[in-house]
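Let's have the full structure, built from the sequences with the hints guiding it.
Each chain is listed here by its residues.
Number of protein chains: 2
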Amino acid sequence: MADSMTAAVIGLGSMGWGAAVSLLRAGLPTTGVDVRAEVLAKFEGEGGATAATPGEAAANADTVFLFVVNATQAEEVLFGPNGAAAAARPGTVFALCVTMPPSATIDLAARLSKAGMLVIDAPVSGGSAKALTGDMSIMASGADEAFDKAAPALAAISAKIFRLGNEIGTGSQVKMINQLLAGVHIAATAEALTLAKAVGLDLQTVYEVISESAGNSWMFGNRGPHIVQGDYTPHSAVDIFVKDLGVVSSEAGAAACPTPLTETALSLFKEASAKGLGREDDAAVAKLLAERAGIKLPGM
Amino acid sequence: MADSMTAAVIGLGSMGWGAAVSLLRAGLPTTGVDVRAEVLAKFEGEGGATAATPGEAAANADTVFLFVVNATQAEEVLFGPNGAAAAARPGTVFALCVTMPPSATIDLAARLSKAGMLVIDAPVSGGSAKALTGDMSIMASGADEAFDKAAPALAAISAKIFRLGNEIGTGSQVKMINQLLAGVHIAATAEALTLAKAVGLDLQTVYEVISESAGNSWMFGNRGPHIVQGDYTPHSAVDIFVKDLGVVSSEAGAAACPTPLTETALSLFKEASAKGLGREDDAAVAKLLAERAGIKLPGM
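Protein chains in written order, with my numbering: chain A, 1 to 300; chain B, 1 to 300.
Please note that a few of the clues may not be correct.
To be verified - Taking beta-carbon pairs under 8 Å as the criterion, some of the chain A residues facing chain B (in silico):
no.: 1; residue: Pro152
no.: 2; residue: Ala187
no.: 3; residue: Ser217
no.: 4; residue: Pro260
Claimed, not checked - Pairs of lysine-lysine residues, derived as DSS-like cross-links and limited to a Cα-Cα distance of at most 30 Å, are as follows:
no.: 5; chain 1: B; residue 1: Lys42; chain 2: B; residue 2: Lys149
no.: 6; chain 1: B; residue 1: Lys270; chain 2: B; residue 2: Lys130
no.: 7; chain 1: A; residue 1: Lys243; chain 2: A; residue 2: Lys42
no.: 8; chain 1: A; residue 1: Lys296; chain 2: B; residue 2: Lys243
no.: 9; chain 1: A; residue 1: Lys243; chain 2: B; residue 2: Lys296
no.: 10; chain 1: A; residue 1: Lys270; chain 2: B; residue 2: Lys270
Source of the hints: derived by calculation from the structure; they are not laboratory data.
Just so it is clear, CB atoms sit at the ideal spot from N, CA and C, and this is done for glycine as well.
Written out as structure tokens, the structure reads:
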């Protein structure tokens, strides 16, 4: 089945690129689409095919992966001019790997279904390094038929698929809860290490002790060293959490559910972005706090 | 050395009790002090000695452990009527295991030093279960002489001692940073699971997915099940974090360092306490959020 199966990846950013090269590595003929010509040239260098438009890429694909940045872009590449939905064969599986509001996922999936397509609500996590090695996680929901058809492609890009039932929206909702925690924990890491510095502690020591204590988090372990070493090379970015916590905030608002920590963290990411830190690593929110505290962290 | 060494434990709450029975188990004659007669009787049942006052307990001890609740109580048992400081022999080691403002630790230690005592700034973590088995962690700073003298007693109560240099205050400061993260993560866990419920997700599923994802934290792993199962039996308590985040807030204020997430979490714990949840498990802050959202979590 994998032999005859073809894939398309729309959006070759850090996660989409990793998925696309993982598909090639697994032997699936894969067509990539991106607005950046140099990325397309690089993908051809990896042995991939490229297309000028989402429609062209989707026309011959069995599974189409969407890895664009947000719901607006997803709508555009699916239903805009030369969009994928009108060009794809009925029965094509669309894997929506974009972190977007569950309500947007549900809306786009309904329109795809109406056009005769199969849909998987499939936001991913794990970061660019895991994407490159085909080891990302997928928080996935959708019909069994869609999972069955896309199985070889999903297996190629992921080490772990959380099957979250048949309902479109569930994958995006669970991802949203994950992003709530991830964003708050990054901001908490920044706050904790800024205070540690302000009271005169050695940051490396604090990092080592907390890593083995009840204050630890996945994000503290992962982003803490960025702050300790003053290295804000963007693996993720401040602006990603402006978007992702914005999704949490709007969906929570629609559910009339208070999310005070999300609001606090979101306002920090927004302010950091407004100060020009939007494209730095998300841990750069620490620079904002340090500036307010009148201290200097490493790398400032 | 362990044979001839004696210990006193002032305050037989959950952590102090665990330390005291761990000292007995290690073969160190140990005297316990507590305001609750039934706890003293129970400690005698374990083979411990008891004393009526901190002074009486400290008079014959080589190492005195303080496990009272806060800085006010620590001051009282050390320097109040029948206090430990006046009764202890010069050269006695005082291990200050209370989570209190670093500034209070520094002040009390200076007064103990002036009275000829040795001091270890030694806040602990790990929870009551680890305390019982002698497996707590200690974030410890102080002079080598104090550590050398107290070594058998410290070894009896802990699985891990982080040696954080000679300066009194460092142990308390690192513990404060740990509590900042612990408190924010508990509140974030509550916020995330409340939102998950509000949008209709299955809490157990969310718990399992997040536990293996980038949104995970030590507290999410530990407190999440309390919320999923609706079991608010107090292992720690809401009021502990009213106190501990209050310490962070006041020390951060003194350092002119902004701690917006701490302030947000602190206000949630305070409001939960005001609503009568102070002695429930700290995860009960979720009940407050659920009530605001107009939904019911398990156990409500």
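Verification of the supplied hints:
At a threshold of 8 Å, the smallest CB-CB gap from Pro152 (chain A) to chain B is about 23 Å, leaving the interface hint violated. Taking 8 Å as the C-beta cut-off, the interface hint given for Ala187 (chain A) holds, the closest approach to chain B being about 6 Å. Given the 8 Å rule on beta carbons, the hint for Ser217 (chain A) holds: about 4 Å separates it from the nearest Cβ of chain B. Annotation: interface hint on Pro260 (chain A) holds; nearest CB of chain B at approximately 5 Å, less than 8 Å.
Proximity of Lys42 (chain B) to Lys149 (chain B) is assessed by CA-CA distance (about 29 Å); at most 30 Å being required, the pair is judged to hold. With a C-alpha separation of about 27 Å, the suggested pairing of Lys270 (chain B) with Lys130 (chain B) holds against the 30 Å cut-off. The straight-line distance between the Cα atoms of Lys243 (chain A) and Lys42 (chain A) is roughly 28 Å, inside the 30 Å bound, and the hint therefore holds. About 29 Å separates the Cα atoms of Lys296 (chain A) and Lys243 (chain B), which keeps this hinted pair within 30 Å; it holds.
At roughly 29 Å between alpha-carbon atoms, Lys243 (chain A) and Lys296 (chain B) fall within 30 Å of each other, so this suggested pair holds. With a C-alpha separation of about 27 Å, the suggested pairing of Lys270 (chain A) with Lys270 (chain B) holds against the 30 Å cut-off.
The earlier numbered hint that this structure contradicts is number 1, and it is the only one.
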